[in-house]
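Asker: Listed here are the chains, written in short residue letters.
2 protein chains.
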Amino acid sequence: MPSVNDVATPAVLIDVDVLERNIARMAERARAAGVALRPHAKTHKLLEVGRRQLAAGARGLSLAKTSEAEVFAAAGFDDIFVAYPVVGADKGRRLLALAEKIRLAVGVDSVEGARTLGDVFAAASRRLDVRLKIDSGLHRVGVLPEQAVGVARAIAELPGLRLTGVFTHAGHAYGETRPEGVAAVAQHEGKTVAAVADALRRDGLEIGEVSVGSTPTAREAMTVKGVTECRPGNYVYCDASQVSLGTCALEECAMTVVATVVSAPAPDRAVLDAGSKTLSTDPLRPRGEGHGWVIGRKARLSKLSEEHGVLAVEPGERFRVGERVRVLPNHACVVSNLHDRVLAVRGETVEAEWRVAARGRVE
Amino acid sequence: MPSVNDVATPAVLIDVDVLERNIARMAERARAAGVALRPHAKTHKLLEVGRRQLAAGARGLSLAKTSEAEVFAAAGFDDIFVAYPVVGADKGRRLLALAEKIRLAVGVDSVEGARTLGDVFAAASRRLDVRLKIDSGLHRVGVLPEQAVGVARAIAELPGLRLTGVFTHAGHAYGETRPEGVAAVAQHEGKTVAAVADALRRDGLEIGEVSVGSTPTAREAMTVKGVTECRPGNYVYCDASQVSLGTCALEECAMTVVATVVSAPAPDRAVLDAGSKTLSTDPLRPRGEGHGWVIGRKARLSKLSEEHGVLAVEPGERFRVGERVRVLPNHACVVSNLHDRVLAVRGETVEAEWRVAARGRVE
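Residue numbers (our numbering), protein chains in the order written: chain P, 1492 to 1854; chain Z, 1492 to 1854.
A couple of the hints might just be wrong.
For chains that are exact copies, the list does not tell them apart, and a pair is met inside one copy or across any two.
As the list claims (entries may be wrong) - Pairs of lysine-lysine, DSBU-like flavour, derived with a Cα cap of 35 Å: (1) Lys1592 - Lys1789; (2) Lys1682 - Lys1716; (3) Lys1789 - Lys1716; (4) Lys1682 - Lys1794; (5) Lys1716 - Lys1794; (6) Lys1716 - Lys1592.
Keep in mind that the hints were calculated from the coordinates and are not lab data.
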């Protein structure tokens, strides 16, 4: 079996032992909280990891795009929630084909958008399960809680649709600099969506799933009364941002990048063969400088261009041209999307090469 | 033929008329300046565009990574310069295989790094053409001009190598906020590398190619006495950063992204189905806010997450859920690397789908 010291660099490594512990831990938390786990597979985009999540007890997967759902459905995954306000008749036709094969639900956040899907299903005498997105504070997509009853009622009356749930994503937790701040966001996330579900039920709607998401808030939000489902994604790998947020420890990070020092032109500067094409330019959350941490070394990635990772080297530290280092990325999900394959490792041994099956599926 | 109004969104569009004008214009400039043009193909990673560049008179292509060179060589491109300090025996073996098939040169910037390649070629009784990278002010990789003679002499004495040229990249031009600033960087770029070449020749080394690069500096740097080759990349597409820098006009941008409004939850906010997975989080150069321009509309992309492009909508402007917009990205090169395919269009008509053949080749 090849060693990580022999693979061509840069390469993305997934520590399978850490990965499996992360999967088991979140599954156990969901069981203890009495909620269904529906991990967001955007983090890994891998069939191999999705299967491990289901084997550990996940009810199904969440995905962002129709084309990602197509990849997982074609591989046998039969219960998928597209947690995104999908819009358009062309996407509606693709969802109709998917709904023939698997248990499918899709996000909506407007009457106009929902109608584009409902019309396609109604014309085929079918109904699509949809969930209404609630804005619990991120202010990206979703309806505000006070508007939810009106929008939900209008969507529920559209032909071709069955409104079965509500969902939210408290992504603003990634901006919180203190653990208490993250916990407060999580409580608000759970309570907001549970209160909306209650209001819709009082209005006569049959709301089944009440779904929260995000790795920083998952642990707390899933325990809020009325929440039935949790959709964290990043927890399988974690990254420098999760460590900074206090969501996990460094040892709980499963994804690293092995890179080679290709240049050491000054005592305070060395350059890796891993740049933004390998690590992305996503910032460190909740705040902070740099583009990833060099594990165990006194240097930080101060600047990235596409193929160059520039290290600011601290006094007393030295990097030799040709030596290998391991980098912990700022944001694991976007790294997955940059690479056609990742290497599954245990310790220093490469056990398998996994194809990133749903990489680059933007539609 | 399909229309851009019918394709699944988001999708990357390449305006072939604009592309071909950009290719012809740079080729004409190089002819007028009497230098060879060796475009950096990292911008497009497309065989179809590389072939058009050669047909317009380019001598060969520049690429950043060994694996990218392998893709183009396999497709019949027979003259490639890997403009990157490649390091390691494993890469050396791959370069040896390439050099059996095509005219190949590779960048070096250290004796230690160059030796890892030279040893492989020497063991095969072959010699690899290498060019020494000169740091003309970017302070990323490359040797400082005052160190060039010493390093060049040591590299020239290594077995398995033939030092045939010098090259530089004035990427710091992207930080200049005034056209005169860009012009000054370009002059310095050309003069620095030409002076180094003269010094090496005085030292008895046979230096052939004296190569400059970068789209903002190309026009000026290629006219500097002693420069023999120019390696711009971005000029084929241009992007919002080039427009900001004054390198090109908006009408000279060949790459746009067509996206759909999926949510319009507030009067001052709309959300596109194109986020960082489509556009990247690369900043606008030389400075400025936002993640790309919405062409012809009063709105800017104020925030990106992976699948969401959040528009800050100006008063009086309105976006409807379901409508399509065109986005000019901040940085075209990184957009190419995110997508498996792009659509070649003339006007509103999609003429072809081009596979991004060298996408994701990080090694």
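Asker: Give a verdict on every hint.
Answerer: Verification of the supplied hints:
1. Lys1592 - Lys1789: neither (52 Å within a copy, 42 Å between copies)
2. Lys1682 - Lys1716: The answer is within: 8 Å in one copy meets 35 Å, while 70 Å across copies does not.
3. Lys1789 - Lys1716: neither (45 Å within a copy, 43 Å between copies)
4. Lys1682 - Lys1794: Result: close only across copies, 26 Å inter versus 41 Å intra.
5. Lys1716 - Lys1794: Between. Shortest inter-copy distance 32 Å satisfies the 35 Å Cα cut-off; intra-copy 45 Å does not.
6. Lys1716 - Lys1592: Within one copy only: 33 Å inside, 67 Å across.
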